[in-house]
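Novice: Here is how the chains run, residue by residue.
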Amino acid sequence: MIANHLPRVRQILPIAKVQRERKLEGPGVLTVRVREKVQSTDVIAEVQPQPRHHFLDLASALGVPDTEAARLLRVDLGSNVEAGQVLAGPAGIARRTIRAPANGKVLSLSRGRVLFEAREEAHAIHAGVPGEVVGSDGASSVTISAVGALIQGAWGNGRRGWGVLRDVGESRSARLEPSELDMILRGAVVLVGVVDNPKSLQQATEIPIRGLVCGSMASELIPIALHMTYPILLTEGFGATPMNSPSYELLSTNAGREASLEASLLGPYEPQLPEILVPLPATQDLKSPERIMQLQPGVRVRALRAPHTGAVGKLLHLMPGVELFPSGILARSAMVDLEGIGSVAIPLSNMEVLA
Amino acid sequence: MSAILEADTLLAVDVGTVNTRVSLFDVVDGRYRMVATGRASSTAGAPLFDVREGMHVALDEVSEITGRPFFDETEALVIPTTASGAGVDAFVSTASAGPHVRTVLVGLMPGVSMESARRLASSTYLHVVDEIGLMDGRREEALVDAMIAAKPDLILMVGGTDSGATASVLRQIETVSLVTSLLPTVQRPALVFAGNTSLGAAVMEHFQDTSAVAVVPNIRPELEHEELGPARLKLAEIVNQLRSQRIAGFNELNGWSGGYMMLTADAFGRVVRYLSQVYDPDKGVLGIDVGASHVTVAAAFDGVLNNKVHSDLGLGISLPGLLRYASVSDVTRWLPSETTEAEVRDYMFNKAIYPGTVPTELSDLHIEYALLRELVRAGISHSRGDWAEGAKSELMPPLEPIIATGGAIARAPRPGYAALALLDAVQPRGISTLVLDPYNLIPAVGAAASLLPMITVQVLESGSFVSLGTVVSPVGRGRAGKPVLRIRIDPESGGEPIEGIIRHGQLVLLPLRQGEHARMTLRPEKGIDVGFGGRGKAGALRVAGGALGVIIDARGRPIELSKDPDRRRELNQKWLYDIGAMVRSDS
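Chains as they are written, first to last, in our numbering: chain A, 20 to 374; chain B, 60 to 646.
Just chain A, with the same shape it has in the complex (with noise of 0.2 Å):
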């Protein structure tokens, strides 16, 4: 029997075929073509910031009247300047000028005003996995194809970053200590079973690591956590739930091995849930994950809610009807044997597919 019911799935693979998008957030400058490989560190587009805007008064800076503002122009509307170069004049017979205040450009010259664009330093966008670049629209977007393990989690900071895969609590349940943050760890992404002392996080600041992934964190951590500017992961969610197990596993056994990590913010729009991918050579021609599943004999879920958050098992069978539990609540269900618990029943809204 298969329910009338579209459960979340969530991709724990030890390897699997991902598409990742790379979207310039402003103008820009892609740097890779289709079918070039890249690595993680590589350049693929230069990003141009959001650029700042000055009005300028030419007419009432040089004490001309407006009408006058457009002769003594020096540049092209449209033409890059340098920061200092002069713009307009000089005027008067204190041979007045104004001067670039930034690198950019003069947009356009109105009522005695230009409107100047100051041009930023553009920075860099990196691969963040290592692949092939398979799509790119040539002016915004490049989309890299990737293999490897592939874990999915349930929060994210919102950064991105890659390192070597260090398993520092060596358990799935282990607590980050201030103390286990040293030197060694530089550089590292840092796998451990929950995080509850602000220290930790500041802590791994300084080192640097960078990212850290990690099954829970108190939610009051949270405003630090956004603050931090290495990538955090939770696999699980908020509180001191253990890393799941399939997770926790597939993570311990590639430490040492480099891992990148896009820890998207929460959102139910957001593209892309976060993740973890463990570059692995490809060894045969891999399909893309599932992104639907069916509830159904056999599928490995995962408990979304107490008294069973995290536990991992397989789905025996759907129930007939409703079934009632503790809280009153009567609840479409399925009997799941979770790993080291047992068989127990679990509301299909109350548990996800593991692909």
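Hints in this document: simulated from the structure, not taken from any laboratory.
Nothing here was measured: the structure is a model prediction, and the numbers come from that model.
The beta carbon of each residue, even a glycine, is placed where N, CA and C say it ideally should be.
Some hints could be false.
[Unchecked claim] Below are the DSS-like pairs computed for lysine-lysine, each with C-alpha atoms no more than 27 Å apart in a straight line:
no., chain 1, residue 1, chain 2, residue 2
1, B, LYS210, A, LYS124
2, A, LYS42, A, LYS56
3, B, LYS541, B, LYS633
4, B, LYS210, A, LYS42
[To be verified] Away from chain A, derived, C-beta distances all over 10 Å, residues of chain B:
no., residue
5, GLU112
6, GLU123
7, ARG247
8, GLY554
9, GLY598
10, PRO624
11, GLU629
[Said to hold, decoys possible] Some residues of chain A that are not near chain B, with every Cβ distance over 12 Å (derived):
no., residue
12, PRO46
13, VAL48
14, LEU106
15, ALA158
16, ASP186
17, ARG194
18, GLN222
19, THR224
20, GLU225
21, SER235
22, ILE348
Go by the hints and put chain B onto chain A.
Specialist: Frame of chain A; chain B shown alone:
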């Protein structure tokens, strides 16, 4: 939708952030009835971004129940019903799902046009990311950079009464025009001008080289007159367009709905306004919809509706937004057992990650209903200032009925949970009725109202809505245990009358089953008002029964919770027992 249809069957789809619901209505004994509903996880968000998958699963459920196929072999919806009974005669759809519409408000005076713009924005699914008014202290270039940085989907421009300001409005328009010219074509926001009507042509001229601008009637044509209706219609159209651009399937739903797919909040508000026109004109109607991403509070007084969508509140992805309005201790004060603030905070953020999950443990259920109370309280307190009645009073204006819907309310394991949460959150006064919409039918009947006018009243009067009961909430100073009210209930069925004295602090249920009616006589003590025209005034009225009978809430207004945590938890637990939410075997 203006044409009135001759239709027996109606299919309604509501696409929410977490759930997609399908309801089938048919004519039974000459009246419209809801005959089947189906629910599935919404697929408007990741990973599919296509509402059709969720809708088909929900429709399959309805097909299984009714044996009625809805689609032909080409996957097209069959309209009208065929001789073999396939398809439906009419189709309506509503949606609240979709990313926030990032909106910049541009106007003139903070208390005039900007205030109206804010009200307009909050009546629908807009997320205001910046406001630029005449009193804005930022330099012009800073405003330009701020508007670009805000990445707006929509810029709503207002300002000037119809015979008022022109130059200052045009200066603001010039800034917006400059912003749009600086943005690449694909990033240009939708533009709506709802200010001084005489400037329509000039505004269009400003944007002729960059973007299309929708000019709609002024939302503040006169200083003392606000007219949000036409602008709201345009915004609904824009919200639908933006959703359709990002999520597949909305165009199809809109097509099946004859191009009139409604926003869920608009359909909800329409029903609340309608009810205020048919119920007691001296009382308002309050509608509360607690969804995963929004809390909608609709209050209507004699046809005057105030509809407010709180996009930063909800019992799912928007739940952490509650912390902007309330502290975690505001939530824990409603709990009947000891729970740490850290546990509640973790619960809130986990619910935001997994919004579709349900509480299976009793302690989780209590947290969920404590959160529900604070969500409703926050939603009401940030709406009441604009209500046509009782905006400035500490006490709620008289309300009849109070209708509530939303996932957590609908799945209350016992009606007492929903009733107590509503009483604690709304704290009604006088005489009222609590009604639940467990199948989330209000958006459906609201959307269908102009197509099939009879459906609204006939479905509302059917058993698809659950009346929790008539509530009597005496108001006035009292001491715990002191009598506040004598009550007598004479069932019309001729049974034994029920008589008693109600004391301050009590929460009492008196039996009167759903479908039964009785004459209720109330004799309040001096200084106590039960809604019969003043303190100490007695009266009688005909009341209807409900799932809980007649509820007497003599806990006072406002409810004052004990500062002693143990005592407070004891009382919360006692009230859960008193109202039948918990029974002795639960603990």
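Novice: For each hint, tell me whether it holds in the structure or not.
Specialist: Status of each hint after checking the structure:
A hinted pair counts as satisfied when its Cα atoms are at most 27 Å apart, and LYS210 (chain B) with LYS124 (chain A) qualifies at roughly 22 Å. Annotation: proposed proximity of LYS42 (chain A) to LYS56 (chain A) holds, straight-line Cα distance about 18 Å (limit 27 Å). Note on LYS541 (chain B) and LYS633 (chain B): the hinted pairing holds, with a Cα-Cα distance of about 18 Å set against a maximum of 27 Å. This hinted pair checks out: LYS210 (chain B) and LYS42 (chain A) have alpha carbons roughly 15 Å apart, not beyond 27 Å.
Listed as a non-interface residue, GLU112 (chain B) fails to keep its Cβ farther than 10 Å from every Cβ of chain A; the least gap is roughly 7 Å. Chain A draws GLU123 (chain B) into its interface by the beta-carbon criterion, the shortest separation being 7 Å against a cut-off of 10 Å. Under the 10 Å C-beta cut-off, the non-interface status given to ARG247 (chain B) relative to chain A holds; the minimum distance is some 14 Å. Every beta carbon of chain A lies more than 10 Å from that of GLY554 (chain B), the smallest distance being close to 30 Å; the non-interface claim holds.
Separation of GLY598 (chain B) from chain A is adequate, the least Cβ-Cβ distance of about 37 Å exceeding the 10 Å criterion. No Cβ of chain A comes within 10 Å of the Cβ of PRO624 (chain B); the nearest lies about 20 Å off, and the non-interface call holds. Remark: the non-interface label on GLU629 (chain B) is consistent with the geometry, its nearest Cβ contact in chain A lying 21 Å away (cut-off 10 Å). At roughly 7 Å from the closest C-beta of chain B, the C-beta of PRO46 (chain A) falls inside 12 Å, breaking its exclusion from the interface.
Every CB of chain B lies more than 12 Å from the CB of VAL48 (chain A), the least distance being 15 Å, so the non-interface label holds. Every CB of chain B is more than 12 Å from the CB of LEU106 (chain A) (nearest about 15 Å), matching its label as outside the interface. The beta carbon of ALA158 (chain A) is not kept farther than 12 Å from every beta carbon of chain B, the shortest such distance being approximately 10 Å. With a minimum CB-CB distance of about 24 Å to chain B, ASP186 (chain A) clears the 12 Å threshold, and the non-interface call stands.
The Cβ of ARG194 (chain A) sits about 15 Å from the closest Cβ of chain B, beyond the 12 Å cut-off, so the non-interface label holds. No Cβ of chain B comes within 12 Å of the Cβ of GLN222 (chain A); the nearest lies about 22 Å off, and the non-interface call holds. Chain B leaves THR224 (chain A) outside its interface by the beta-carbon criterion, the shortest separation being 22 Å against a cut-off of 12 Å. Every CB of chain B is more than 12 Å from the CB of GLU225 (chain A) (nearest about 26 Å), matching its label as outside the interface.
Against the 12 Å criterion, SER235 (chain A) falls within the reach of chain B, whose nearest CB is about 8 Å from its own CB. The claim that ILE348 (chain A) lies off the interface is violated: its Cβ sits roughly 5 Å from the closest Cβ of chain B, which falls inside the 12 Å cut-off.
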